[in-house]
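In the order they appear, the protein sequences are chains D and G.
So for the first sequence, the working numbering puts the first residue at 1; every next one is plus one.
So for the second sequence, the working numbering puts the first residue at 1001; every next one is plus one.
Note that these hints are calculated values from the structure, not bench results.
Cβ coordinates follow ideal geometry from the N, Cα and C atoms, glycine included.
Any given hint could turn out to be false.
[Stated by the list, open to error] Result set (DSBU-like, lysine-lysine): computed pairs, CA atoms no more than 35 Å apart in a straight line: (1) D:Lys5 x G:Lys1054; (2) D:Lys24 x G:Lys1055; (3) D:Lys55 x D:Lys5; (4) G:Lys1024 x D:Lys54; (5) D:Lys189 x D:Lys54.
[Unchecked claim] Just a sample of chain G residues kept apart from chain D, beta carbon distances all over 12 Å, derived: (6) Ser1026; (7) Asn1083; (8) Thr1138; (9) Ile1265; (10) Ala1286; (11) Gly1357.
[Said to hold, decoys possible] Distance ranges between label pairs, derived from CB positions: (12) D:Arg331 x G:His1169: 39 to 49 Å; (13) D:Lys5 x G:Trp1059: 41 to 51 Å; (14) D:Glu168 x G:Gly1170: 48 to 58 Å; (15) G:Glu1258 x D:Gly186: 37 to 47 Å; (16) D:Glu198 x G:Lys1157: 57 to 67 Å; (17) D:Gly170 x G:Glu1258: 49 to 59 Å; (18) G:His1169 x D:Gly332: 27 to 37 Å; (19) D:Arg35 x G:Thr1134: 49 to 59 Å; (20) G:Gly1062 x D:Glu133: 51 to 61 Å.
Number of protein chains: 2
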Amino acid sequence: MKTDKQEVSFNRGVPATQSLPKGKVSEVAASVLDRYGDSLLQYGSSRGFAPLRKKLADWYEGATSDGVLVGNGSLQILDMIANLYLGPGDTVVVEKPTYDRAITIFNRAGAEVRGVNLEQDGPDIEDLEDLLETHDPTLLYTIPDFQNPTGISASTKKREELAELTAEHGTLVVEDSPYRKLRYRGEEKPALRSFDTEGVVQISSFSKLVGPGIRVGWVVGNSEIIDELAVYAEDTYITPGLLSQGVVNHLVGEGWLEENVERLIGLYGPRLEATLGSLEEYFPEADWVRAQGGFFVGLWLPENTEVNEFYNGAEKENLILSSPEGFFPDRGGEDFVRLPFPALPPGRIEEGIKRLGRVWRSL
Amino acid sequence: MKTDKQEVSFNRGVPATQSLPKGKVSEVAASVLDRYGDSLLQYGSSRGFAPLRKKLADWYEGATSDGVLVGNGSLQILDMIANLYLGPGDTVVVEKPTYDRAITIFNRAGAEVRGVNLEQDGPDIEDLEDLLETHDPTLLYTIPDFQNPTGISASTKKREELAELTAEHGTLVVEDSPYRKLRYRGEEKPALRSFDTEGVVQISSFSKLVGPGIRVGWVVGNSEIIDELAVYAEDTYITPGLLSQGVVNHLVGEGWLEENVERLIGLYGPRLEATLGSLEEYFPEADWVRAQGGFFVGLWLPENTEVNEFYNGAEKENLILSSPEGFFPDRGGEDFVRLPFPALPPGRIEEGIKRLGRVWRSL
């Protein structure tokens, strides 16, 4: 029996439509084209728009423009890293669970993907050490801040340990940090890159800070890797989309971005609170992450839940959930539920979580 | 001895800076964001912006939106086709010479690249037949209109023969046509796709019609291939850059594009005439293509030219030429010179070609 209740979608991690700065982008586009139009409409460097690279380099201690490449979103930068450094015979270690599209990219590059157990304060370091010893991975992919799909942030201690271990083993680390600036509670932790600027490349994106449709992501890393990525990028798309890089350069330069991050925190913070509060109230039997920022709260169903029946029940309640299997590199994880909250008003979040609890109790 | 003559660059095939419509893009950006901002700044379909796909489908007989994908420039679409359909053990046939970046992409995908001889009226059909028989290629890559790097256009007869032969052999054909609308003399010839809508995928781009920095290219093909490309694109970059697709959609929709093509023909036509006329006048010993459109005139040095000395001499005359080897899949071609003319005023073209002739006569 299908209910006629209005759908609640906890499916994709997308920004709230109301957060998209269409008025602002519209306002700055003309002056950006006036000032830089000849460069922005022409072929340019595969490293991206130079003024924006310079501004991004200034965000990172010890970085210069030579260590920054700006591309068409951070996922494609990850794809280029995978295509450059991975192939059959290589192993990649990811958190278990992790961002499903990253797993797809590593598999597509021919690598074997192994998961390191993820605890409430970050990767299980013993498990990681074991994987480094036994599998000698080429690359480790990690999302230390407000991880997708769990919302977990790694502790400072674990970041330091992870950076040390991977440096010892010569494992290239990709630190993915698209949510890093979106902290709604607690204190900022040092980026993984701050412990090892040579062995860690950090990727990030304006998708969650401006809007995904502009497709502007970047990577900061040692200049050798950035040089190799620049050649790969040129051979793939010659020049990234420059029009939107010009717009972003303006938004960063005039201080609008910081203001917008404050606005986003004001919009999304209450949505995180609604998520955590509703879980406490309507589904206390579950086990969830006390996320402090980002886009997601990860939830594990109570032990011995009939998972298929739970998902069927959720569908009947018109709850749209991601299929959890995609987040796990080697199966398992059926009892996991990802709750992306930014696109839903608090009332819808509460309604959705109420239904989650009700479905579980009805099993 | 280095002269202090002002440089003449026949290096890259880039549009004239004066052709870039920065005023127009600036003018339409605001209304595009007003109307479509919520979609253009959000995640969207990996197939591209739906209104633009619809308009492009209308350009092609028998095509619907299901058969169109719009991406971040046509080179990346070619890269995705290569990654999807080619691997070690596959052979690709290209024209000899051809677009250097295409060769790089096929090599990178692990394929073996073989060249079919290119005559003044298109590929040597006997040579092609032989390659199809002996190498059973997976893919044939061709630029029938104003080919890069030669400027050659294939005759209607050869297009038909090529389409028939590849259909018989089940070879996937990629027809690259970024210059097709830029015809300065002669009559339009039917697209290769018109002879075989199933086996030919046609790729093209707004780089030469609007500006390269917007990075909007597209592919028209059978819906099975477009579906596979849509999955590959989603796994690579989720969504293409939508802001510039919104701008292009507006430019196409309001009829500006046709007007601009007329403007470009008015700008580039005299530059082609200057190229052909100057060759006649200052370098009659060479053998060149009577191109009728596009961006390039290909030139072969007279027989028995000391090629290295010629290139050294050109450098001393401050003439910047592309290295010709990149255009040839299996070496050879040292006596070839590509002359891209759109970015140079007629006087500079004349000066450059005068120097070319002088260098050759000084050997």
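We went through each hint and held it up to the structure:
The suggested pairing of Lys5 (chain D) with Lys1054 (chain G) holds, with an alpha-carbon distance near 34 Å, which does not exceed 35 Å. Using a Cα cut-off of 35 Å, the hinted pair Lys24 (chain D) and Lys1055 (chain G) holds, with the two alpha carbons roughly 28 Å apart. Distance hint between Lys55 (chain D) and Lys5 (chain D) is unfulfilled; the C-alpha atoms sit about 48 Å from each other, more than 35 Å. For the proposed pair Lys1024 (chain G) and Lys54 (chain D), the alpha carbon gap of about 28 Å is at most 35 Å, so the pair holds.
Note on Lys189 (chain D) and Lys54 (chain D): the hinted pairing holds, with a Cα-Cα distance of about 24 Å set against a maximum of 35 Å. Distance to chain D contradicts Ser1026 (chain G) as a non-interface residue, since its nearest Cβ pair spans about 4 Å, not more than 12 Å. Consistency note on Asn1083 (chain G): stated as away from chain D, yet its beta-carbon is not over 12 Å from all of that chain's, at 8 Å minimum. Listed as a non-interface residue, Thr1138 (chain G) keeps its Cβ farther than 12 Å from every Cβ of chain D; the least gap is roughly 19 Å.
With a least CB separation of 19 Å from chain D, Ile1265 (chain G) remains clear of the 12 Å interface cut-off, as annotated. Every Cβ of chain D is farther than 12 Å from the Cβ of Ala1286 (chain G); the closest lies at roughly 28 Å, confirming the non-interface assignment. With a minimum CB-CB distance of about 29 Å to chain D, Gly1357 (chain G) clears the 12 Å threshold, and the non-interface call stands. Under the hint 39 to 49 Å, the C-beta atoms of Arg331 (chain D) and His1169 (chain G), about 42 Å apart, fit the expected range.
Between Lys5 (chain D) and Trp1059 (chain G), the C-beta spacing of about 44 Å keeps the proposed range 41 to 51 Å intact. The supplied range of 48 to 58 Å is met by Glu168 (chain D) and Gly1170 (chain G), whose beta-carbon atoms lie about 52 Å from each other. Evaluation of the 37 to 47 Å hint for Glu1258 (chain G) and Gly186 (chain D) yields a failure: the beta carbon distance comes to about 57 Å. Taking the beta carbon of each, Glu198 (chain D) and Lys1157 (chain G) are about 60 Å apart, inside 57 to 67 Å as hinted.
Distance hint check for Gly170 (chain D) and Glu1258 (chain G): the Cβ-Cβ separation is about 57 Å, which falls inside the suggested range of 49 to 59 Å. Taking the beta carbon of each, His1169 (chain G) and Gly332 (chain D) are about 46 Å apart, not inside 27 to 37 Å as hinted. Separation of Arg35 (chain D) from Thr1134 (chain G) is about 56 Å and conforms to the stated range, judged on CB atoms against 49 to 59 Å. For Gly1062 (chain G) and Glu133 (chain D), the Cβ-Cβ distance of about 59 Å falls inside the hinted range of 51 to 61 Å, so the restraint holds.
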